[in-house]
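Undergrad: What follows is the residue order along each chain.
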Amino acid sequence: MEEISKHFLNNNRRHFLKKMGLGIGGLAAASLLDPFSSLATENTAINPSALNLPHFAPKAKRVIYLFQSGGPSQLELFDYKPLLNKMRGQDLPESVRNGQRLTGMTSGQDKFPLVGSNFKFDQYGESRAWVSNLMPYTAKVVDELCFIKSMNTEAINHDPAITFFQTGSQQAGRPSMGSWMSYGLGSLNENLPTFTVLLSRGTGRPFSQPLYSRLWGNGFLSSLHQGVQFRSGKDPVLYLKDPDGMSRNDRRQMLDYINKLNEKQEAEFGDPEINSRIAQYEMAYRMQTSVPDTMNIEDEPEHIIQMYGMDSLVPGTYAANCLLARRMVERDVRFVQLYHMGWDQHFNLPSQIEKQAKDIDQATAALIMDLKQRGLLEDTLVVWGGEFGRTNYSQGVLTDTDYGRDHHPKCFTMFMAGGGVKPGFTYGETDDFGYNIVKDPVHVHDLQATIMHLMGIDHTKFTYKHQGRRFRLTDVSGHVVNDLIT
Amino acid sequence: MNIKKQILLIISLFFFGISYASNAENVPKAILAIGRFHPVILHLPIGALLLTFFLDIIGRIKKDYPKNTIKYALGFSTFFSIIACVLGYFLSLEGGYSEKTLDIHFWTGILSATLITGLFLLSSKEGKLIKRLFFPLFLATIICISVAGHFGSILTHGDNFLTEYIKIPNKAKTITQVDSLHIYNNVVLKIFDDKCIECHNSTKNKGDLSLISNESIVLGGKSGEIIKLGNANESLLYEHIQLPISDKKHMPPEGKPQLTKDEVWIIKYWINHSKAIDDKVVNIAKNDTLNNLLKNYLVVNEPQIEEASAKDILEVEEAGFSVTKLVPNKPELWVKFKKGTITKNSVETLTNLKEQITELDLSNSSLYDDMTKGLNKLKNLKKLELNNTQITDKTLQNINELTHLVTLNIVNTQMTEHGLENLLTSIKPKHIYAWKTNINQEIAKKLKLKYNVNINVGIVEGFVEIPHIIPPLVLTKKTLFTDTLAIKLESKLKNSTIYYTLNGDEPDTTSLKYTNPILIDSTTHFAIKVFKKGWLPSEILKKDFYKIKYQVSDYSIVYKPESQYSGPEKLFDMELGSENFKDDKWTGFLGKDINTTADLGDVKSISHITVNCLGKSKDWILFPAEITVSTSLNKTSGFKEVGTLIINEDNKNDLAEIKKFTVNIPETKAQYIKVVVKNPKVLPSWHEGAGNASWIFVDEIYLW
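The listed protein sequences correspond, in order, to chains B and Z. Using numbering that gives the first Met the number 0, read the first sequence as starting at 0 and increasing by one per residue. Using numbering that gives the first Met the number 0, read the second sequence as starting at 0 and increasing by one per residue.
Hints were generated in silico from the structure; no laboratory data involved. What you are looking at is a predicted structure, and each value in this text was computed from that prediction instead of being measured. Backbone N, C-alpha and C fix where the C-beta goes; we use that ideal spot for every residue, glycine too. Please note: incorrect hints may appear among the correct ones.
Covered stretches of chain B (in silico footprint by chain Z; criterion: 3 or more residues with CB under 8 Å from a CB of chain Z, positions within the stretch not fixed) [as the list claims (entries may be wrong)]: (1) 52–65; (2) 309–322; (3) 367–379; (4) 450–463.
Generate coordinates for the entire structure from the input sequences, incorporating the hints supplied.
TA: Below, the structure written as structure tokens:
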């Protein structure tokens, strides 16, 4: 009797009806054929193999997403537009802007004086990629990078734009990319979360917009899949440490007893959520040792510190986070999301971006080279980019040495490395004004589709039914950009 | 007999029609429209005839022959078979069908109709001969209508429709190199096969176009040549597939399976870059995208791997490995050793899965040479990670038969040039990671040239520029003190040395060396630098500590600060604020001056009054305009101005800035000191809030 009541509790009305036809017979057949997807792994929330993912052999097993929050100026870093220097101060022709929607910050401006970069550009590597002198270390590794110069988005303000990149929708509430991956592909590691988040503030504009934790939220997916923020202070993961005076043994005993209670409850009610609760308690217990081990960079040799730069010794900096990101992927964390704030340089751009670029340049390049020398770059995808680009005209007063740039959604540059993307490759082109895309546009959804493809997922088939509708990361659009893939 | 006459009339009319219109170019649209009903009607006589045949046989067996039923049923079939013939003829006028097949269908169809009519006529007749003839004739009719039906199906579905899945597929020649693909035969034809052949084949060739072979493509269709090699844009074929789907001429037609973006790309490429129609890929300029797309068309005879049994997997998992499927429903496995002690026995369990293991990760374990002996058995291994283990060259001999190996990771092991070269003579993994081994940059380069493999031995020299050490941290939070203060310093870099001076001069390695906290008893201007061999010294860190003569405990103030940055007591609490004006250390005044009088409790001598201010014009916070100091020996009267400082800050810095403004006065004796810090009152004209009241922020006023 007990088994029967449990069976019905685990299978609600819909499940039951769905399984009536194929379910039971199919399940039996499946368990004979495939020891991985059968009764042994009932709970799809915990074990993804029941989702039958990946759809095909992945090129990347892990992702490090270096999110540059605020919108880095592509015109100062990678997208070389000498015409803007020639036409400095002249008004942006309306034929180029073509009625493009502007933010409230410059829509009141009566002139849109074009401004070229104050920084020198040069071509580097065998791939002859253009990089400005703000990024000397990045320039050394261009042959590992796959630039997309034709990124475009629909959002013009920070929060919707970041939310769009992370969740595929400008409105909040959908799962973040890392949560989707965690849900679809599951964990590679028993001791650390599948999706981790590291934050840093840039020195370019230290008091810029904050970020919201919903950006790495699980949306409508199970809370198992939300991003876990690792902080730089004493408590990397909040509420993980035992209180003073509590020994690990006490904790173990307490958990054992709670587990017993929970198991009893589960036996009575058969609610699968109780099982995930038990799993989370156990994960937290293991994290009590695995997190300090991950965060402890004492054993990093000096040449690695020199490689990432001195900032890597200062907890909470971008460089330190890059080093941690490497330590995390070494421990098989599936999706590591970094955010570096402070790229929103509306005024005093030249002085701010100089500091901001210095924050990230060496550590980014070092991360890529370090992954490479460890053999990890092959199946780890590194993504670098912000939520939009910046305008080719100056916001505020244009002087000989100073200018600012407003948000620009129509074109910006990102780059990826490793994980099955073409190294030393540049894709897409913008016009001479650096305002519109003239060749091979890549939309946010296209990038998401491509990242999922690299992870072995067909973005059109990976859905989650919620509120009567099937949702996917790329919503109803997105095309895999095959040209980027090796 | 009346019916018979009518039937004969219809048949003769029909034949007349053929002779009349078979060459007609312009068939009325109404006729074509009616012709489209052929598929609807034609199945009626077939079904009815088969049912009649069944009744005939059953009737004979059961000795209860339903003579009338059979007669009426044959009448039904007769009527509709003739209609079907007429409509079929109309349909054939549309054209686009292979003449030969059409002819067979046409005549067998008419013959069927004739035979059915005959049967119908016979069915009402009596007589022995007729009875004997009836059944064979019925059989012949059934055969005839089947033949007609079959050829009809060829016309609509193509000639291999019936047999497509019955035939044993030709064993395709294995093509593993993109180079040896024939772009037409192996690639384009496959696309046509999937998406175009249904309507453009030798039997059904819409628009007189058949895409079935090299020759027929060159021949083109009704509108002429469809391909102009070297120019896709002028090729009719490409033009039609490029048209928007709403266009009538778009191919494949709306509702049929469409060409994908990649397929269109390949077709374009094929037309643009082929000199002859069937160039090999090798003759075509290569680029990455092409290579990538063409990989899908390679014909590979993958070795058939069986699914691993649950028992074997369990055994391996129990030996300390995690076993993951690379793709569900496929047998390939990724096996990884979970960190810790690995034993010979645990490695041996892997041979249970010797076919299925495609990726094996034994890294970060106590693995040594003796354990790796069985690895050669894992014949389908593509990726092998042996980094951070005890293995040496000997292990490389244990893997020299893994011909499918693509990636080998031997980072941080005892490998030497000799061992690696030995391995490379037998197998050639594409990527080898050999950082932190005895293989250096030069050897790697040499082997790379010789064996055409990628060997990574760490970052290229010159990537790292020796950095400056970061300046030390000052752990002492206080900057103001009245008696003595211990200054604690710390360098983030292990084994580095801190040198400092007490007068603000730049320190070097001969300056004072920091070992223990430094005790100071007077205002001190520290200059600190960190040094370490092999690193560039840190930038100079300057930090000032001020000794205050008197801590003010009693004071009065005219205007209170705004409530959100409240508490005038903060002005004399000996704590300085940060660049964040909301850090609860700052007091803020909106549009008002600070006018405060401090009571020293006794007559004392003073010479400096310092006001610590924050400016951040973006947040409407300006530096003060002026500071005046008056002193008195008496609380109520006799204040005498002893010093003024006019401040001319332009306030144009976007970022927060903290500045100390010191009013130096001749040494004065006084008990009461009045300090007035003047607010500029309004924001200047260049400011976005011009005309509004301005803020001033002060965290401390101190005397020394």
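Undergrad: Work down the list of hints and note, for each, if the structure agrees.
TA: Right, here's what the structure says about each hint:
Counting residues of the segment 52–65 of chain B whose CB lies closer than 8 Å to any CB of chain Z gives 6, so the stated coverage by that chain holds, three being the minimum. Counting residues of the segment 309–322 of chain B whose beta carbon lies closer than 8 Å to any beta carbon of chain Z gives 4, which meets the minimum of three for the stated coverage. Counting residues of the segment 367–379 of chain B whose CB lies closer than 8 Å to any CB of chain Z gives 7, so the stated coverage by that chain holds, three being the minimum. Counting residues of the segment 450–463 of chain B whose CB lies closer than 8 Å to any CB of chain Z gives 1, so the stated coverage by that chain is violated, three being the minimum.
Taken one by one, the earlier hints fail for this structure only at number 4.
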